[in-house]
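Peer 1: Take a look at the letters that make up each chain.
2 protein chains.
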Amino acid sequence: MSGPEKMSGVLSPVITPFTADLGVDADRLVRQCRWLLERGCGLAVFGTNSEANSLSVEEKIDLLDVLTGAGLDAARMMPGTGACAIPDTVRLTSHAVKLGCSGVLMLPPFYYKGVSDEGLFRAYSEVIQRVGDARLRIYLYHFPQLSQVPITLTLIERLVKEYPDQVVGIKDSSGDWSNMEAMLTRFPGFAMFSGTEAVLLKNMQNGGAGCISATANINPAAIADLAANWQAPDAQAKQDEMNKLRTIFQALPLIPAMKVAVAHYAGDPEWERVRPPLVELSAEEKAGLLAELERLGFEMPGLAEPQTA
Amino acid sequence: MSGPEKMSGVLSPVITPFTADLGVDADRLVRQCRWLLERGCGLAVFGTNSEANSLSVEEKIDLLDVLTGAGLDAARMMPGTGACAIPDTVRLTSHAVKLGCSGVLMLPPFYYKGVSDEGLFRAYSEVIQRVGDARLRIYLYHFPQLSQVPITLTLIERLVKEYPDQVVGIKDSSGDWSNMEAMLTRFPGFAMFSGTEAVLLKNMQNGGAGCISATANINPAAIADLAANWQAPDAQAKQDEMNKLRTIFQALPLIPAMKVAVAHYAGDPEWERVRPPLVELSAEEKAGLLAELERLGFEMPGLAEPQTA
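Listed in order, the protein sequences are those of chains A and B.
All residue numbers in the first sequence are consecutive under my numbering, ending with 357.
All residue numbers in the second sequence are consecutive under my numbering, ending with 357.
The set of hints was computed from the structure by calculation and includes no laboratory data.
None of the hints are false.
For identical chains, the list gives no copy identity; a pair is met inside one copy or between any two copies.
Simulated crosslink set (DSSO-like; lysine-lysine; CA at most 27 Å straight-line): (1) Lys334 with Lys161; (2) Lys161 with Lys292; (3) Lys250 with Lys54; (4) Lys54 with Lys209.
Remember, predicted model here, so these are calculated numbers, not experimental data.
Extracted from the complex, chain A is given alone in its bound form:
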């Protein structure tokens, strides 16, 4: 079977910078992606935390071209490609595969609720058939709190049986360890990424693939280090340490909070912008966040240094 190796380790659902007119700021995104790669993080661009569902398919295709055109390694990329409409999912997925991305992270169609496993199976099948490329590697995206369309164990079983070479893993953002544990047990070899680094050590100890976590935007080196060295004696101490940082961000609207942190440590207020329907942190939230980060002695080394895009 030709095609990319299964992905593992830590990926960041890279936050997306916007220009003053709310366009995508491709140059800043390239710099951020490079900063993350240099710290051991893969690039799950177009994730929930990338505000990906606030971007059009055209914007995402253009960005993938810019990122790879800037020399960033497509083999380290797992762009989110799942949309409500099959033609959109097919178009973006095909483009990602052609550019050499090692995988795609695929939400189910998420407008219609209460849909059956049969309907979701058909949706994924249709995408796989239409993309029609042996290099396609799908990581399912289970995020019931936002998509409201869960990926059940029964659906995974059926997809893996029918498309063993294409459906190779999952990101579980449910936060429900019992669901992650059930997948690790029932589907050995299926690459299970937790949607948070809070259970990264546990996931690695149980045969998981790694994590794709929002706060990998903020704390990439430490999280990547734990994924690589989870068998080291100080692993639990590292896990406990990174949980402190995550707790701070989780108390706030996560996406604007991460953007405030990047803006602050990069010395670049442009980073604070979000696209509606999201809104920026209030002045109070922002001051509170930065005070807490300072109290923790937190830094983002290398972010403020001049970079060549």
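With chain A's structure known, arrange chain B on it following the hints.
Peer 2: Relative to chain A, chain B alone:
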């Protein structure tokens, strides 16, 4: 203020026919739209019941061109144009306005949940600014069960105050009469369409604009007749009669059930197809539905007759 008059009466969220390879069947859609117009129904194409969120923006733009190109009256159209990403909403809305559609039905961005009224206000504002056309008439689309992003009274108040010429009405699919009543009271002159004909008479009696209802695909003439003659002495009897039909459909997955009915009465099984993640009715569901329709003596006159597309 130049631009279209406020819309009223009954509109059908026209079901979308698909070809064997799941492409959009534009010819059948044109015929269906013509059949609906001839029975007094306006065309809320690209509604929830049109499987609109399973269509790409490009498919919807092409369909609008085909519908108007076939001579159907754009003044009777209120296409659904609200998408998750502002650029998509802007693109489709601009096209609809340019073609002369009297209004657009606009879902809020629906991927991110728990967003603030401020964020939704900014989203609608951004769309209005970017479309930048005095002819734009927005009917907000409140469907919390599916979108999971409600349009609150506070948001409506703010939008109507800021954009009195653009934000002119709403479709309320919540099924919650108390919410509809609150809008009728607080926003006189704001065109309130109920999302079901089950409260059509009550809505008209309280100053509402009409309804945009799934089952207007099946029962257009009777529903349009009640909207036009709601002050007649037999109005309640008509309301009671049409409720019987709606009850039959509501007991089933609504979209595939309506397609089964159209397929049956048109003598055209092609109509049964749905796009994933939806699935067709089971054989049992189908037989049960058709038996109930027969028991009711239901017919769809004119649907099976040869039509010129």
